[in-house]
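Line by line, the protein sequences give chains A and B.
Quick note: the first sequence uses this note's numbering, first residue 1, plus one each step.
Quick note: the second sequence uses this note's numbering, first residue 1, plus one each step.
Don't read these hints as lab results, they were simulated from the structure.
Calculated pairs, DSS-like style, for lysine-lysine (alpha carbon to alpha carbon, straight line, at most 30 Å):
no.: 1; chain 1: B; residue 1: Lys96; chain 2: A; residue 2: Lys53
no.: 2; chain 1: A; residue 1: Lys10; chain 2: B; residue 2: Lys96
no.: 3; chain 1: A; residue 1: Lys58; chain 2: B; residue 2: Lys2
Distance ranges between label pairs, derived from CB positions:
no.: 4; chain 1: B; residue 1: Met125; chain 2: A; residue 2: Ile31; range: 29 to 35 Å
no.: 5; chain 1: A; residue 1: Asp64; chain 2: B; residue 2: Asp90; range: 19 to 25 Å
no.: 6; chain 1: A; residue 1: Leu50; chain 2: B; residue 2: Val39; range: 29 to 35 Å
no.: 7; chain 1: A; residue 1: Gln81; chain 2: B; residue 2: Ile28; range: 46 to 52 Å
no.: 8; chain 1: B; residue 1: Val39; chain 2: A; residue 2: Thr26; range: 37 to 43 Å
no.: 9; chain 1: A; residue 1: Phe11; chain 2: B; residue 2: Lys70; range: 19 to 25 Å
no.: 10; chain 1: A; residue 1: Arg19; chain 2: B; residue 2: Lys86; range: 34 to 40 Å
no.: 11; chain 1: B; residue 1: Glu48; chain 2: A; residue 2: Asp64; range: 37 to 43 Å
no.: 12; chain 1: A; residue 1: Asn2; chain 2: B; residue 2: Asn132; range: 50 to 56 Å
Given the structure is predicted, the values throughout are model-derived calculations rather than measurements.
Note that beta-carbon positions come from the ideal geometry of N, C-alpha and C, so glycine has one too.
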Amino acid sequence: MNPIEDSKYKFLLDFFVQREGDQIVTELADIDLVESGIIDSLDILDLAILIEKNIGIKIDLSDDQTFFAMRRFNSIINLLQ
Amino acid sequence: MKIHHVGIASMHLNTALTSLMLAQSDIIEEVHDELQGNVLYFIRQTQETSIIELVIPFRSNSTVSNFTRKNGTALHHIGFITPSLKLSIDKHKLQKGHFLLKEYKINVDCFGGKVKTAFVYANGMLIEYIENA
Numbered sequence: 001m002n003p004i005e006d007s008k009y010k011f012l013l014d015f016f017v018q019r020e021g022d023q024i025v026t027e028l029a030d031i032d033l034v035e036s037g038i039i040d041s042l043d044i045l046d047l048a049i050l051i052e053k054n055i056g057i058k059i060d061l062s063d064d065q066t067f068f069a070m071r072r073f074n075s076i077i078n079l080l081q
Numbered sequence: 001m002k003i004h005h006v007g008i009a010s011m012h013l014n015t016a017l018t019s020l021m022l023a024q025s026d027i028i029e030e031v032h033d034e035l036q037g038n039v040l041y042f043i044r045q046t047q048e049t050s051i052i053e054l055v056i057p058f059r060s061n062s063t064v065s066n067f068t069r070k071n072g073t074a075l076h077h078i079g080f081i082t083p084s085l086k087l088s089i090d091k092h093k094l095q096k097g098h099f100l101l102k103e104y105k106i107n108v109d110c111f112g113g114k115v116k117t118a119f120v121y122a123n124g125m126l127i128e129y130i131e132n133a
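All chains should be modelled from the sequences, with the hints used to inform the complete structure.
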């Protein structure tokens, strides 16, 4: 299943839709969220809090690779699976 | 817990100094933190006063740069001395909304020389723990 369509991660999709509008849905799978200016490193902290609040998974932000993975929607989903 | 220092982030040193009614001559130490992309300016007017750390980013994509773009010159973190960095971090890890961000060593003379430090993000607040190495 396309992770964008997975209802389990709808809260993540909503996070980006609230910021960027509905058109972001078609782009999410392909873009670097930081490079495209949609989020910055501070927003990654907010995303980590959101993830923990919604599905109880604590992201290890002290790990550089994990922090880097937070830059892309699909790699965020991979961290959660 | 006793506050060891407060960290104030600003895009420009002079802006931070002016905001706090301080002068260049109040700076007692300057540290280039290549890892985080910041220059740290330490101020302590007397032995009785707390240390103020001015955090000035030199990389436009650093976390502190993002912070100053959003908040201007503002309180960035509060620093505490801890006898055990690990213990302090472990306590935070048990809390919801608390995340360890970075752990590293840095040499700051006015902190007593080489120290181990860790930054924890706790529900929107940034806390630095310092353990003498």
